[in-house]
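Required output: the full structure, derived from the provided sequences and hints.
Heads up: the sequence shown begins at 1 in the working numbering, then just goes up one per residue.
Incorrect hints may have been included.
[Unchecked claim] FRET-style restraints, in silico, Cβ to Cβ:
| id | residue 1 | residue 2 | range |
| --- | --- | --- | --- |
| 1 | S55 | E29 | 44 to 52 Å |
| 2 | E13 | K54 | 44 to 52 Å |
| 3 | E46 | D19 | 37 to 45 Å |
| 4 | L23 | A50 | 38 to 46 Å |
Just so you know, the hints here were simulated from the structure itself, not pulled from any lab data. Glycine is no exception: its CB is placed at the ideal position from the N, C-alpha and C atoms.
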Amino acid sequence: MKNQSTNENPQAEFYTLEDFRQLTKDTIEASIRKNSIEYIQSILLEEVEALCGKSHKHKRGQL
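Here is the structure:
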């Protein structure tokens, strides 16, 4: 039985300049989107904690 590896084609993958630009643009946009969402999430969490107290704090009677 032949042992198959995940890298059957060892040749490098080549991109055109336009493909590389698009890949770079998409990667940067995804990173900006991810960081923006994380930042907004942290702001919302701070606001909720300021209004309602820290999560699970009420279960310990620490209000």
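Verification of the hints:
For the hinted restraint 44 to 52 Å between S55 and E29, the CB-CB distance of approximately 32 Å leaves it violated. A hinted range of 44 to 52 Å for the beta carbons of E13 and K54 is consistent with their spacing of about 48 Å. At roughly 41 Å, the beta-carbon separation of E46 and D19 lies within the given 37 to 45 Å, and the hint holds. For L23 and A50, the hinted distance range of 38 to 46 Å is satisfied, since their beta carbons lie about 41 Å from each other.
Violation of the numbered hints given earlier is confined to hint 1; every other hint is satisfied by the structure.
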